[in-house]
Amino acid sequence: MGADANRGQLAAALVRVAAGDRNALRIIYQDTSAKLFGICLRILRDRSQAEDVLQDVYVTVWRKAATFDPERASPITWMVAIARNRAIDRLRSSAVSRRMEPIEAADAVSDPGPTAVERVELAQQRQRLAECLEELEARHAAAIRAAFLDGATYEELATRANVPLGTMKSWIRRGLLKLRACLEA
Amino acid sequence: MSDEHSIGPADSGRILAAEYVLGVLDAAERREVERRLALEPALASEVAFWEERLGGLADAVAAVSPPANAWPRIEAALGTAGAARPASMWQSLAFWRGFAIGSATLAAASIAALAYIGLVPASRSPLMATLTGSAGQPNFVAAVTATGNGLVVVPASLLTNDPRAIELWLIPPGPAQRPHSLGLIQPGQPIRLTIPPDLVDRLTPDATLAVSLEPPGGSPTGLPTGPVIASGKLTGL
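Taken in order, these protein sequences are the chains called A and B.
So for the first sequence, the working numbering puts the first residue at 3; every next one is plus one.
So for the second sequence, the working numbering puts the first residue at -17; every next one is plus one.
Calculated directly from the structure, the hints in this document are not laboratory data.
Keep in mind it's a predicted model, so treat the numbers as computed, not measured.
Mixed in with the good hints there might be a few duds.
Said to hold, decoys possible - Sample of chain A residues lacking proximity to chain B, with all beta carbon distances greater than 12 angstroms (derived):
1. E137
2. A140
3. R141
4. N164
Stated by the list, open to error - Here are some of the chain B residues that sit facing chain A, going by a computed Cβ distance under 7 angstroms:
5. G5
6. A52
7. W53
8. I56
9. P157
10. R160
As the list claims (entries may be wrong) - So, partial list: chain A residues that the calculated Cβ filter (under 8 angstroms) puts toward chain B:
11. A20
12. N25
13. R74
Just so you know, even glycine gets a beta-carbon here, dropped at the ideal spot from N, CA and C.
With the hints as extra help, turn the sequences into a complete structure.
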């Protein structure tokens, strides 16, 4: 299945969801739940909490399908953003502090090998992101990756990298500005 | 702080949007960004930029199948969720100037008008759909013509100042059916569309009609590419 076909089918299913079609939501769930559950699990590190958040994510997709604008976002990116936001909100509201791993270790697990069919979407854009991250200082890029994947706060990231908080903020902010300039170039 | 001396005020909005998407803000800061998103289109557009561009990083996360009981739980939760859908983006942007007309009154008036202009026989119960927005307000009324191969669409609200084309879609009942374009419709006037021959027998009760906003000339892909602003099922009256 080509990237456009997959994207088109998900977008079409979202149209049906907006019209109140539960079967369409089930189809979307079948296509995307493993990816979104993986994202929730990575951020929360707790199966039971990740399951709660996953439920919340698809209820949100059901409620907000009519606001999805395919001119501005791809369907999978839109759903990934919902999953990450819900998982990060749950994480922030949870009193339990997470075990912290050095950023290098987290980075090693996150090496993107070729995975499932979802990856075909937006191949060019992702290629560009990879190239632009390459242009950053390695530790800045690693901090940005770790922040995105784990939903970690500046403080957690600073602890993990064993640098002062101000230094971590500076790494990430400068990295983001440079990244933005590169992505727009 | 000297660490931040190179970041000027012009960059602070961009930084904040990126920090929000990246997930490094604390709960209070996140709520503050979300409050501002509804009010500041520039910030919202910046957040959309980062969500789209950083989204690819999620490819690095291994997919994990959720437990088999996850879907039944979600489906059960929809029962209570479906009734109270929040206002969607396009409403808050005041795309519509709704007529102050109730949906029942509107449907009755539309049928009377259609019967008057001879498109539906007054003697037969026509197949109709009221296409509502996500808050339940009627935006279009559609009726299958007596011949069965035409569809009359009457706008019930006015679209204001949106340059996008308005495209009508037919979605047959049943799982995994894709939308079929029925053509472009007008924001301010009734229109009669001829249904393509291969779709005529799909104008059945429970088929869904949906309206989306598209680039001028209509969807370039053959599938809806813009936001769905109204939808409804065909039913016999």
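**Message:** Let me make sure I understand: some of the numbered hints might not hold for this structure. Which ones are they, in numerical order?
**Reply:** none
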